[in-house]
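Going line by line, the protein sequences match chains A and B.
Each residue of the first sequence is one higher than the one before, starting from 1 at the first, in the numbering used here.
Each residue of the second sequence is one higher than the one before, starting from 1 at the first, in the numbering used here.
Treat the hints loosely; a few may be bogus.
What the hints assert, rightly or not - Some chain B residues flagged as far from chain A (calculated, every beta-carbon gap over 10 Å):
#1 A122
#2 Q163
#3 L177
#4 G220
Stated by the list, open to error - Some but not every residue of chain B turned toward chain A, in silico, with C-beta under 8 Å:
#5 V12
#6 M118
#7 P121
#8 I185
To be verified - Estimated spans, in silico, between C-beta atoms of each pair:
#9 I93/A with D58/B: 17 to 27 Å
#10 N141/B with L15/A: 41 to 51 Å
#11 A55/B with W157/A: 29 to 39 Å
#12 W157/A with L40/B: 45 to 55 Å
#13 D58/B with L92/A: 58 to 68 Å
#14 Y7/B with I93/A: 43 to 53 Å
#15 R30/B with F99/A: 29 to 39 Å
#16 L25/A with S29/B: 22 to 32 Å
To be clear, the hints were calculated from the coordinates, so they are not data collected in a lab.
The structure presented is a predicted model; accordingly, all values stated were derived computationally and were not measured.
All residues carry an ideal CB built from backbone N, CA and C; glycine is no exception.
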Amino acid sequence: MNVFNTILILAAAYLAVFGEAAFPLLRHWLGAQVDLLPGLMVYTALNADIVTVSLLAGLGGLWFDALSANPLGVSILPLFAIGFVIYLQRELILRELPFAQFVLGALASALAPALCVLLLLTGGQEPLLGWGSLWQWLVMTAGGAVATPILFEFFHWCQHALGYQPRTETSFRPDREIRRGRG
Amino acid sequence: MLKKKHYLALGVVVLAALLIFSLPQRATSRLKLAVSSLFLPLFGLLNTAQHLPVAAADIAMPRSALLREVGELQRDQQQSRIQMMQAAATAQENDQLRALIGWQRQTPWKLKLANVVMRDPANWWRTVQIDLGSRDGVRENLPVLTADGLVGRVSAVGLTRSQVVLLGDSYCRVSALVENPAHDIGIITASGPLDNSLVELTYLSGNAVVKPGQNVVTSGEGGVYPRGIIIGQVVDSQTVEFGLYTEARVKLAANLGALDQVWVLFP
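Work out the full structure, taking the sequences as your base and the hints as a guide.
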């Protein structure tokens, strides 16, 4: 894990928040906007260090709240809680399996908005809730679940294409060369 | 399990979040604007990208089509001028009559066009951001509308952008009047989170006779919205709380799902 990966994750979070605010196509079609930050947090918690997890929760949450009517900082704690729990249990998780990524993405995408709304209600805010919120929650969960394995693939590709690749050693050693005579 | 580094990270994030929560409202608003300004380059790029196809279509448009359009616009302009003359005469007559009976003179609406630059990424709020800010004279609580009807009001103002809270959000309540013989007055409140074309009109009197198809306009009470801006049409109504008051569903005149440009109304 290196600084390049941290920058890549934060850049993805920045673009994800911008995309959610600028492109409301999914909202038109499905009635809800899918949040990519929980999926991104799953990837970060499984592949990066605790500093990157904290940075993603802090900056991602701040960016999201700055573009929405949320009180500033309300998205930080849910994101961090999800990232922190996954980070502590990551040795037990089969992180390379797309199914595990899918399930974790679904759980994270379901928990993040639920915790956020809970915090808003605790703070005396009046978010727009109703029976339709259940549908929105399902769309967010399903969208986040589908997006998480794609994010994993994307980051692997980015690391392969843009990141530092250690030089591979060949098995050839000059001192082990077998010299054959003419006969 | 938990190492010192983990405790430290946990402490720092929780502390930072608590610190932001405890900031005064004014400081939070400023911080929010500062953070959201980080996205300005991207919104600028998006705006340019959206205008590129239009510019390309402009170049490709034949001269004959342009001339035909200019002709139509000139005819529309002449008609508008005649209607304006007629309206000016009516307004003058109105002012004279108001002066005769001692009523306050009605000031004409001043409107400023704004582009909708983004929507709220959270599903539990119904807000948009527009590209007019305090440097354009925008301030909080100014009404926002389209040619079809009321859209909402300005809820937060930055230097170059403002946040507009839309009808149907919990924080956008409007005193509304039903155009029926009794002129029943109620409050437009939050609707369901899915359908943004319907809002609730509540606190109508228990004996209000509200029928489908009747127009709903702003009542002018409350001091935020001037009287007479169209909100929508009644879809259906029912008495609630054992006949204590009546509630109606109103279909909004403005299409909140396809807002590209809106007008900010200045007093």
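Structure-based check of all given hints:
1. A122: violated, 4 Å
2. Q163: violated, 7 Å
3. L177: It holds; L177/B is separated from chain A by about 25 Å at its closest Cβ, greater than 10 Å.
4. G220: Its Cβ never comes within 10 Å of chain A, the nearest being 25 Å, so this holds.
5. V12: Nearest chain A Cβ about 6 Å off; hint holds.
6. M118: holds, 4 Å
7. P121: holds, 4 Å
8. I185: violated, 23 Å
9. I93/A with D58/B: 17 to 27 Å: violated, 55 Å
10. N141/B with L15/A: 41 to 51 Å: Violated: the Cβ-Cβ distance is about 34 Å, outside 41 to 51 Å.
11. A55/B with W157/A: 29 to 39 Å: About 34 Å separates the Cβ atoms of A55/B and W157/A, which means 29 to 39 Å holds.
12. W157/A with L40/B: 45 to 55 Å: violated, 29 Å
13. D58/B with L92/A: 58 to 68 Å: Roughly 60 Å apart at Cβ, these two residues keep to the hinted range, so it holds.
14. Y7/B with I93/A: 43 to 53 Å: At roughly 22 Å between Cβ atoms, I93/A and Y7/B fall outside 43 to 53 Å, so the hint is violated.
15. R30/B with F99/A: 29 to 39 Å: violated, 45 Å
16. L25/A with S29/B: 22 to 32 Å: With a Cβ separation near 30 Å, L25/A and S29/B satisfy 22 to 32 Å, so the hint holds.
Comparing the model with each earlier hint shows violations of hints 1, 2, 8, 9, 10, 12, 14, 15; every other hint is respected.
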